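Chemist: Here's the letter readout for the chains.
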Amino acid sequence: MRKEIFALMIKNNEHFNSGILTALSSHNAAIDNTEIALKLSEIRYRRLFESAKDGILILNEKSGKIIDVNPFMIEFLGFSYKEFIGKHLWEIGLFQDVAESKQAFKELKINKYIRYEDIPLKAKDGRTMNVEFVSNVYAENNQKVIQCNIRDFTEKIHSNKLLKSSENEYKILATELQEESARLNEAQTIAKIGSWEINMSDNTLTWSKETYRIFQVNPNRFIPSMELFFKHTYPDDFERVNKALKMSYSNKKLNTIEHRIVTSTGEIKYVLENWKVIKNENGLPIRINGTCQDITDSKKIEFEVMEMVKQLQYKNKDLSQFAYIVSHNLRAHIAKIQGLLFLIDKDIERQEKRPELLHTIADEVIRLDNVISDLNEILSLQDAGNKVIEPVFFEEELLQIKLLLSVQIKESNALITSDFSNAPDLNTVKSYCHSILYNLLSNALKYRMPNKRLKIHLQTKIDDSFICLSVKDNGMGIDLVKNKEKIFALYKRFHGNQIPGKGIGLNLVKVQIESLGGTVNVESEVNLGAEFKIKFPLVNKTIKNEKN
Amino acid sequence: MKKINHVLLIDDDVIINMINNRVIEISEQVTKITAVSSAEEALTLLNNLIRIDQTEFPAFIFLDINMPEMDGWEFLQVFAEFSKEILLMSKVIILTSSIDASDLKKAKNNALIFDFISKPLSLEIFNHVVDPNHQRFSINKESLMPIY
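Which chain is which? The protein sequence lines are A and B, in order.
Under the working numbering, think of the first position of the first sequence as 85, with each following residue one higher.
Under the working numbering, think of the first position of the second sequence as -17, with each following residue one higher.
So that you can see chain A by itself, here it is in the shape it has in the complex:
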């Protein structure tokens, strides 16, 4: 009857006449109120029990056997309701160790409450889970029951573990990253390779520590920028670098360029830059990543090697010229002596010629000796390294040479003029300069036109880092089309035997000027004359070759 009233109360709640309620309440108020409250609490409890997202087991306190189980628990472990009822906890996979289970119950009886945060639980299908187990004892209908709340801890533990491990990983990573960064920095320093990045959106530049070091720029005082970079680019290389960078915007490959930089302390360094342009999905460049390697040391070695190769090539040329002289000029005299000896030995019919032949042999021996002396002189000339560099005045040298050649000058009635006003003197090896002038003048006097007054004009001027000496005549000249290659070669002669000469003068000029670091050139037309142009390098008064 009370139940019906209660149901009616709820059903017709809105239309309920407060007067009726009041009448009923006054009739049996105390009992009804308690019962209704109890009923409500029971409903609430049941709802909680049924809908809880935790597993709930109700155990008989005395037997320890399951007397009720909520749907969540059924679903959770996969046993049916019937399978739960009347079982001990260890039979459904909780507290699988019986002794442990009994110990837990003892504790529960004393404390009326136990809580385990992380105990294993096995479901019917074999899944193992970790659960939080809270258990307390209370009385229900004058009977003591144990309520066990079981909450799935697996996920929580897992995520806890994950969180912990990821936290650890992060720490390790952070340490590794730090170490890696330190190692990278160190590696960059050792390899002398800095890195850089250009952000294309705002044209900003970022440098690694090593890049700062390469440019000798203080990272605390300067923010790298394209302006700063180009400011440090060697002026002559700027165009090339700028162009290469611009060109790379449209390509996908690894770009590379070698150029010079001027560091903030003024040091010139060689760097090798490698970079790649990174583009977005639309193909527009978004940033440029590059490296900058200091290759100054290897570049210096490269230059030294190049210089050595050049020197070796010269030496090799000298050697092959030496071999040529040996095979031609020395052999020529020896062959003659051999031939003459043959005649002395075998030409019985002309015994009377013997003294004459012996005399010729003696002449040939002298010539042979001269060739050897010439060779010795030329070979010893080829290293001007230890010769003293001193000021030499052209006017003074010319005067001395005119004295030496006075007979030939008088004989040829040559008109020698000179203009040294643009470059009256130079620092050089005096004996070489003397010898060069002597040979050029003596050549001009020798190869004059027979029926034309010989005119020789000498002139000097400064051209770049050279002092140019020109010796020009109106003599026989040399057919350069035919003889360009041979003109300065040793023992090469271009005019017949009517003019004396060994073919050594111009070779001496060449060897001497080259050992001074200069050059010799000739312009000539047959029967019109020749102009020899000597370029002396401008040097300080110090010894030219300080290495030795």
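To be clear, the hints were calculated from the coordinates, so they are not data collected in a lab.
A quick note: this is a predicted structure, and the numbers were derived from the prediction, not measured.
Hints are supplied without guarantee of correctness; some may be wrong.
Below 25 Å or equal to it, Euclidean Cα-Cα: the simulated BS3-like pairs (lysine-lysine) are [said to hold, decoys possible]:
(1) A:Lys566 x B:Lys88
(2) A:Lys401 x B:Lys88
(3) A:Lys149 x A:Lys171
Interface residues of chain B toward chain A, partial, derived using beta-carbon atoms under 7 Å [to be verified]:
(4) Ile(-3)
(5) Asp82
(6) Pro102
Just so you know, even glycine gets a beta-carbon here, dropped at the ideal spot from N, CA and C.
Given the structure of chain A, go ahead and fit chain B onto it with the hints provided.
Modeler: What follows is chain B alone, placed relative to chain A:
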């Protein structure tokens, strides 16, 4: 044995010409020997012979390489322009003081050159090189090198 009509010696060195001339005389194989001291002189002489008396065209020409003005190689360039019949009348032999392997190689590659001899010209070598049985470049340089 039939004598060689004419041998031409081309060398700028008068002593070499004198020695070679005498060696050939001693061989008693040659009727006429002419020595000139330049390639130009030789070409003038040869041109004259073609014009005047081709039977006098030298059967052997001993040619030096290193000469001022026109050298041996340049002489050969001009010489090559003579007609085939004329060229067949003569054998050109390089006679040089050079012992340079590159000169020998260059000579072998020139079809006009019959042989290559290092100075001085000895009796033995001369007799060998003018021997009609002698093939192109057949001189064994080692064995025929004079020992003086």
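Chemist: Taking the hints in turn, state whether each one holds.
Modeler: We went through each hint and held it up to the structure:
1. A:Lys566 x B:Lys88: holds (19 Å)
2. A:Lys401 x B:Lys88: holds (20 Å)
3. A:Lys149 x A:Lys171: Holds, at about 5 Å.
4. Ile(-3): holds (5 Å)
5. Asp82: With a minimum Cβ separation of about 5 Å from chain A (threshold 7 Å), the hint on Asp82 of chain B holds.
6. Pro102: holds (3 Å)
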